[in-house]
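K.L.:
Use these hints to put chains V, B and X onto chain F, whose structure you have.
4 protein chains.
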Amino acid sequence: MSNGWFDHLKRDFVQGFPAYCGFRVKRVEHGLFEASVTLRPDHRQQDGFVHAGVIATLADHTAGYAAFTTITDAFRILTVEFKINYLRPAAGDTVVCRGKVIKPGKRIIVSESEVYAGCGSAGSGSAQTLVAKAMVTLTAVPVDSLKGPGP
Amino acid sequence: MSNGWFDHLKRDFVQGFPAYCGFRVKRVEHGLFEASVTLRPDHRQQDGFVHAGVIATLADHTAGYAAFTTITDAFRILTVEFKINYLRPAAGDTVVCRGKVIKPGKRIIVSESEVYAGCGSAGSGSAQTLVAKAMVTLTAVPVDSLKGPGP
Amino acid sequence: MSNGWFDHLKRDFVQGFPAYCGFRVKRVEHGLFEASVTLRPDHRQQDGFVHAGVIATLADHTAGYAAFTTITDAFRILTVEFKINYLRPAAGDTVVCRGKVIKPGKRIIVSESEVYAGCGSAGSGSAQTLVAKAMVTLTAVPVDSLKGPGP
Amino acid sequence: MSNGWFDHLKRDFVQGFPAYCGFRVKRVEHGLFEASVTLRPDHRQQDGFVHAGVIATLADHTAGYAAFTTITDAFRILTVEFKINYLRPAAGDTVVCRGKVIKPGKRIIVSESEVYAGCGSAGSGSAQTLVAKAMVTLTAVPVDSLKGPGP
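Order-wise, the sequence lines are chains F, V, B and X.
Going by my numbering, 128 is the number at position 128 of the first sequence; the sequence numbering is gapless.
Going by my numbering, 108 is the number at position 108 of the second sequence; the sequence numbering is gapless.
Going by my numbering, 64 is the number at position 64 of the third sequence; the sequence numbering is gapless.
Going by my numbering, 107 is the number at position 107 of the fourth sequence; the sequence numbering is gapless.
Extracted from the complex, chain F is given alone in its bound form (with noise of 0.2 Å):
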């Protein structure tokens, strides 16, 4: 896997939704995806904590990118199922996600998402909350397979 992969990946992860939800990413090695969010108003729930669906949002797309890492060019990576669960609540006004892949596979490929949130170094140090864990399954689907409804 050349650092153009990567390189490619890092551009690939911020469009649309993830663009618009304001995720950045990290750190990128084979198997791996970091990213991070910076907390606005408009990713609250109705009682002031950080919205589920932000945190889901952003450890499906990173594990999904994580997955991305060990595959070529030739292959698209879609979201078979996921399964989180939030442990605590997410104080703090940076959310942080570590994916990582725990099965590489043809077919076939799981990663876990970390999600830590803390205070301006988000990410930095051991200050960090893990405040949800998720379990992801993907496919590797080959590109010429895929017919997008186009952007």
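None of these hints come from the bench; they were simulated from the model.
Everything hinted at is true.
Because identical chains cannot be distinguished in the list, a pair is counted as satisfied if it fits within a single copy or across any two copies.
The calculated lysine-lysine pairs, modelled on DSS-like cross-linking and capped at a C-alpha distance of 30 Å, are:
#, residue 1, residue 2
1, Lys-10, Lys-100
2, Lys-10, Lys-106
3, Lys-10, Lys-26
4, Lys-103, Lys-26
5, Lys-100, Lys-26
6, Lys-106, Lys-26
Because the structure is a prediction, the values reported are computed rather than measured.
P.N.:
Relative to the frame of chain F, chains V, B and X by itself:
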């Protein structure tokens, strides 16, 4: 449960992230909540399909409000965890979600969400396609015990 | 799909661990499989309730055979993952499981299992109690590609 | 937490269905429980692989006892739900499960189980293969509030 409570939930549903995503309430009954979203370019992912995160957010949020219809205003609903399967790509311009309580409870409530995609008269007929299904575990916590980080 | 295939599945269902657990086939249709178990002391856990593992095994196995009804004998069904919610304690002497395909497919099939508990005429009437529900992701793999470790 | 509590849990673990399945305790620490099973023909499924239900039962039961190590004997642990991914076929003669609490709590506890398969010196070395991983949501309920159907 009075109609006043359902009216409150209809307003409460559309705040913060769900409002930002353009979710709208369609129908509220005891143990049932139905919501929809008209798709916009910023709901898409890199390949033109609706992002899994939009569908997960709608499924979780609607399942939670289905749970809300079974409790009183002395409690709040939090998502403990959910699992969602993506069954088919979501085509069309509208996504509709039907959340239903399958196990009411004092502490732990379980809801299901079925997500349909289609065109125009979304959610109105048999032509709608089931694109995702979620099982959501929720907990009812006394309002007194909750301290959100503020709006 | 011939009745011969369904007859084969009825026999195939009750081998190894499922036979050891006392599972029995009740009904087979295209996309549907129904099985039951008469509870024995060795199905219990430390506090006298039916062990979650008995119910999970029944839910997974029945969901898998529901998937088998939609394919040919050139394929085998493997469980990719499943999620199960325990809704109520299982009381009575019989547990019945209804497995249903909610998304057929060439590679990935999704089934649901609903598990009911009750007495005597188990599964026959409205008096049965829903005690658990599972969503199961399965994959159909060509028989040729499978090498089991032997019986 | 005294060693007496851990000794009690070691005995408590091996009753009813888990005893019937041949599960054995390997190690107990605060927030951690490790168990194993030596594979028998009646653990297999129709194609010779270890049945998914054996692995699910071991994963659920061990995750529950990891939770037990973090509470007192005034409470019992019940499984709310779990999700398990099957990563590779389980080959060899022994299966080992490591259950770990990832979120302690008064009411809701979340554990993870990693299941390994291998030969002979099962669980002792790096040669072990990760065959499944589960996330398990548990609830601690006061013993007083529980009425089991009797042994």
